[in-house]
Amino acid sequence: MSLLQIKDLEVRFAASGSGLFGLSKQWVRAVNGVSLNLAAGETLGLVGESGSGKSTLGRAILHLNPISAGQVLFDGVDMARGSAIDIARLRRETAMIFQDPYAALNPRHSIGETLAEVLRVQRKVAPQNIRARVDELLELVGLRPELASRKPGSLSGGQCQRVGIARALAVEPRLIVADECVAALDVSIQGQIINLLLELQQRMNLAILFIAHDLAIVRRLCDRVAVMYLGKIVEEGPVEAVFTAPRHPYTAALIEAIPQIDPHRPLPAQPLPGEPPSPLNLPTGCAFHPRCRYAQAMCSVVLPPTHSVHEHRYSCVLEHPLPLPAHHEQGVMTCNRAI
Amino acid sequence: MSLLQVRDLSVIADNGGHALTLVDRVSFDLAEGEILGLVGESGSGKTLACRGLMRLLPSPNLRVQGGTVHLAGQDLLRLDEAGMRAVRGGQLGMIFQNPSSHLDPLMRIGEQIAEGIRLHQGASKKDARRQAIDVLRQVGIPDPQARVDNYPHEFSGGMRQRAMIAVALGCNPKVLIADEPTTALDVTVQAQILRLLLDLRDRRGLSIIMITHDLGVVAQSCDSIAVMYAGRLCEHGSKYELLAQPRHPYTAGLIDCQPAHSSGHALLRTIPGQPPLLDALPGGCRFNPRCPQVGALCTELLPEGARVACHYPLGGRP
Numbered sequence: 001m002s003l004l005q006i007k008d009l010e011v012r013f014a015a016s017g018s019g020l021f022g023l024s025k026q027w028v029r030a031v032n033g034v035s036l037n038l039a040a041g042e043t044l045g046l047v048g049e050s051g052s053g054k055s056t057l058g059r060a061i062l063h064l065n066p067i068s069a070g071q072v073l074f075d076g077v078d079m080a081r082g083s084a085i086d087i088a089r090l091r092r093e094t095a096m097i098f099q100d101p102y103a104a105l106n107p108r109h110s111i112g113e114t115l116a117e118v119l120r121v122q123r124k125v126a127p128q129n130i131r132a133r134v135d136e137l138l139e140l141v142g143l144r145p146e147l148a149s150r151k152p153g154s155l156s157g158g159q160c161q162r163v164g165i166a167r168a169l170a171v172e173p174r175l176i177v178a179d180e181c182v183a184a185l186d187v188s189i190q191g192q193i194i195n196l197l198l199e200l201q202q203r204m205n206l207a208i209l210f211i212a213h214d215l216a217i218v219r220r221l222c223d224r225v226a227v228m229y230l231g232k233i234v235e236e237g238p239v240e241a242v243f244t245a246p247r248h249p250y251t252a253a254l255i256e257a258i259p260q261i262d263p264h265r266p267l268p269a270q271p272l273p274g275e276p277p278s279p280l281n282l283p284t285g286c287a288f289h290p291r292c293r294y295a296q297a298m299c300s301v302v303l304p305p306t307h308s309v310h311e312h313r314y315s316c317v318l319e320h321p322l323p324l325p326a327h328h329e330q331g332v333m334t335c336n337r338a339i
Numbered sequence: 001m002s003l004l005q006v007r008d009l010s011v012i013a014d015n016g017g018h019a020l021t022l023v024d025r026v027s028f029d030l031a032e033g034e035i036l037g038l039v040g041e042s043g044s045g046k047t048l049a050c051r052g053l054m055r056l057l058p059s060p061n062l063r064v065q066g067g068t069v070h071l072a073g074q075d076l077l078r079l080d081e082a083g084m085r086a087v088r089g090g091q092l093g094m095i096f097q098n099p100s101s102h103l104d105p106l107m108r109i110g111e112q113i114a115e116g117i118r119l120h121q122g123a124s125k126k127d128a129r130r131q132a133i134d135v136l137r138q139v140g141i142p143d144p145q146a147r148v149d150n151y152p153h154e155f156s157g158g159m160r161q162r163a164m165i166a167v168a169l170g171c172n173p174k175v176l177i178a179d180e181p182t183t184a185l186d187v188t189v190q191a192q193i194l195r196l197l198l199d200l201r202d203r204r205g206l207s208i209i210m211i212t213h214d215l216g217v218v219a220q221s222c223d224s225i226a227v228m229y230a231g232r233l234c235e236h237g238s239k240y241e242l243l244a245q246p247r248h249p250y251t252a253g254l255i256d257c258q259p260a261h262s263s264g265h266a267l268l269r270t271i272p273g274q275p276p277l278l279d280a281l282p283g284g285c286r287f288n289p290r291c292p293q294v295g296a297l298c299t300e301l302l303p304e305g306a307r308v309a310c311h312y313p314l315g316g317r318p
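Protein chains in written order, with this note's numbering: chain A, 1 to 339; chain B, 1 to 318.
The set of hints was computed from the structure by calculation and includes no laboratory data.
Values in this document were obtained by computation on a predicted structure and should not be read as measured data.
The beta-carbon is built from N, C-alpha and C at its ideal position, and this holds for glycine as well.
Careful: at least some of the hints might be erroneous.
[Stated by the list, open to error] Far from chain B, by Cβ distances over 10 Å, these chain A residues were calculated: (1) F13; (2) I217; (3) H264.
[Said to hold, decoys possible] Coverage of chain A stretches by chain B, computed from C-beta distances (three or more under 8 Å per stretch; other residues unrestricted): (4) 147-156; (5) 168-174; (6) 208-216.
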């Protein structure tokens, strides 16, 4: 059974209008009927443009956002209707890593205090063992234990992100939601953090929901990928299947737009036009149809059907894989360097 | 002769007595219609070098020291402030990473474009507005006649970046400095903006310096690449030679640590350690503590060289 099962999850926010005096209340459907599964030890990448609802979904899973409808089953228990005891258990078994490592750490606490606080609150180890466990956690993420007395301000961005990961690991979680956790880091440091996550995941059998806009990293790190557009999952499946034979035109456009370090490959001559429309005013039918180069008359009227090919799901009227430029199908690194 | 010639440009920070060299003797050329990618990690000095050549340093503690910056034969570092102001926003335009914080939220988009046109070209109000509409059309804003009267908050992120490009283009600059112009944007919008910059180059012969940390962006849109590390230029060449056969170990490392478009859960290659602090630079080559192939000279002598600043460059002959 899956560690995490999400069924028809909806998260709505009131946008404007109070509902009083005849002002109609407007709702933003940030997450609009999402169903997903995540098994223990599995890494699921969640990608999409900004405003697609991927962070809201990640937070709703951890009960950090209110759930408007649907179910989030963690270990078989529905957290949407969970009691305080259930939620407390969720807090002990899940953790989140944030995008901005400086903003996510208390600047007035030393990183040792930050880690000790989690251990104390969640009663993970006996008080006399907290010190030793903090050292252990720091070593686990590749930091020297002497750094425990330092404050975040005197650490580099990469070091702070390692502290953020150590804090997430302090609860010995079974599920981690990592929200754009390498987006703010330099390339040379990004690789170090990705490698750390890969190693820890294999060692601890962690399930990771990896929210990112960088598709190249997702392809490298994740087992499966889900593509989100305006609150809905438009395509989901094993990473290789989705990246080599995308079925949804939005996925194909995202893959095509990944800048690759191949000097011989030009920019797409006709990049995907426009930007996602406001979630306050969703297009009718398929939400992607105003930007879609394959749109047909019916797309603006009916919701697209969901097709399944093996473990690959997608919601589109098209029934065949979409063509990609040749270098994508090869799935090979494009820069043939000779040293 | 090249349009822009930068020679030995240094930027110094005065910190109460002791001076810190943030940008150390940077030299490069930019030809007409060329797009140069200036690549480096945060703190490598790529933005400061460009702000230095525009004499637009963000703090009074910073100053340009030595060197020359020739734009169309004129040394910018010898101009007086009034002369420099005519160049900035005239022949030399700049756009930034975050358009929201560089557009005036209380001023209509059209007025922000027209302001520069009136200031630099002495155009009438009516004429400046007509030109503003024209330049909005050139940067791909739909319905520019109506959009010219919008405020920045009425534009989406990608449209705001287009609007900022329009402000910079208002006075027909020869050189556009683009500081991380697509970093804050989604990949699909990033592709649109890069496409626009390339089209502007083709249509107007605009030269562009693109400051970025993303080698993928550089590979797709630039002609030549200059790589900076800890305040110094370490490699400079055409994108074809530099990406296919990097000579500096740092460039090679940067290319290797891209999450390559290959699959599988193999570990990524990385550059160990982190960039040095500029007040505690290692002796010799600044990259030597992280370099996989340190030789005898590397800890002794700062390497020089226009194509590659390395004592033992990759791929044979120096």
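Could you work out which earlier hints the structure fails to respect and list their numbers in ascending sequence?
2, 3, 4, 5
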